[in-house]
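Trainee: Quick mapping for you: the protein sequence lines, in order, are chains A and B. Using this note's numbering, the final residue of the first sequence is 129, and nothing's skipped along the way. Using this note's numbering, the final residue of the second sequence is 256, and nothing's skipped along the way.
Hints were generated in silico from the structure; no laboratory data involved. Quick caveat: nothing in here was measured; it's all calculated off a predicted structure. For glycine and all other residues, C-beta sits at the position ideal for the given N, C-alpha and C. Be careful, since some hints might not be right.
Stated by the list, open to error - The calculated lysine-lysine pairs, modelled on DSS-like cross-linking and capped at a C-alpha distance of 30 Å, are:
id, chain 1, residue 1, chain 2, residue 2
1, A, K101, B, K203
2, B, K203, A, K46
3, B, K89, B, K106
4, B, K243, B, K106
5, B, K127, B, K243
6, B, K127, B, K81
As the list claims (entries may be wrong) - Calculated Cβ distances over 10 Å to all of chain A for the following chain B residues:
id, residue
7, L20
8, Q69
9, V256
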Amino acid sequence: MNDLWRIVIGLIVFVVLITSPVWYDAAVGKPSKLNLESPVRGKSCVLERERMRDVHMELLNDWRERVVRGGERTFETSNGEIYDMSLTNTCLDCHSNKDKFCDRCHNYMGVDPYCWSCHVNPGEVR
Amino acid sequence: MGVDRRKFLKIAGLGAVGLACKPATDLFAKVVLSEHSPLAGKRLAMVIDLRKCRQQDDCTACIDACHQVHNVPTEFDTAKHEVKWIWKDQFDYAFPEQDNPFVHKRFERTPVLMLCNHCDDPPCVKVCPTQATWKRPEDGIVMMDWHRCIGCRYCIAACPYGSRSFNWGDPREGLEEINPDFPTRMRGVVEKCTFCEERVVKGLLPVCVEACPVNAITFGDLDDPRSKVRRLVRRYFTLRRKPELGTHPQIYYIV
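Let the sequences and hints guide you as you build the complete structure.
Mentor: Structure below.
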């Protein structure tokens, strides 16, 4: 049992490292604030703002299923407005500042959706 | 151990009951088949008039228009990496079953316009493991869901017409200009002609039909006896590509 102290020190280092994000958070305080740019035009989104924040990815999945596999093209909002179910032509039409809206939040959340590998950001088109 | 008289009668009786059920099962089979039969419902088809097409030497209006609208890349490192939705090739490649060493001189220099045949019995659909490609029962279009394609290329092997292309690299690198109204594809995805499904849904004709300067391409519903395509195939002798394979291709060629 000569190695007991080595093991204990190792364990302490391990626990400190694994909990370091918690200590870091406690030391630095609140997470940095996320500044998203509001759409340039368009007053309301296809769902309420809070809903959109939570479920926009599910909504987009649903849209793609309905457009590609179901042959539907239009989406009716709760107040009766009709929109084309299109990421490029509907979402990015209002949110034309993709880098300061979509990308900024996705980077902040550490997610990397690959929508734009195929779908075009109209602002970026050469 | 042998079968005794009693056992034999039992088995024979069961067999008779089974045979008596056959008309009923046939009835069900009919219902199921008619719902999914490729011959039921609207059937979009295309008639290509090669007589008009061959008057236009080296015309690529339909090909250019289609590839531009659908963001089909035009530049490749090697010919093997080519991506195409609609293309021209020589007569005996298009119709190998004609097997004529002395083809009429009219056809020697006739390039044949080829695209996805939107078969009634598409072999590509049968092999797709993810149902990324399927036949739409409402209009017969063989559709693709590029979100779902995993790039296994079974469909490329299955298609007897070479209508499908694989993106070996990022297709955006081979694009001079991107049409923002249509998505591009990504590396590792198969693509092909979709009969301009995105335009048909809006009541527009496919791009190639509109782009043709001599109206050599006609598009319509073959199930409608009054449609232009139906009248054309009734009036003229037409060829289809490799009909002996039983895929029931829906591109008809007036030669």
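Trainee: A separate judgement is required for each hint: does it hold in the structure or not?
Mentor: Tested hints:
no.: 1; hint: A/K101 with B/K203; result: holds (28 Å)
no.: 2; hint: B/K203 with A/K46; result: holds (27 Å)
no.: 3; hint: B/K89 with B/K106; result: holds (18 Å)
no.: 4; hint: B/K243 with B/K106; result: holds (21 Å)
no.: 5; hint: B/K127 with B/K243; result: holds (18 Å)
no.: 6; hint: B/K127 with B/K81; result: holds (25 Å)
no.: 7; hint: L20; result: holds (42 Å)
no.: 8; hint: Q69; result: holds (13 Å)
no.: 9; hint: V256; result: holds (34 Å)
Figure legend: structure checked against the earlier numbered hints; every hint is met.
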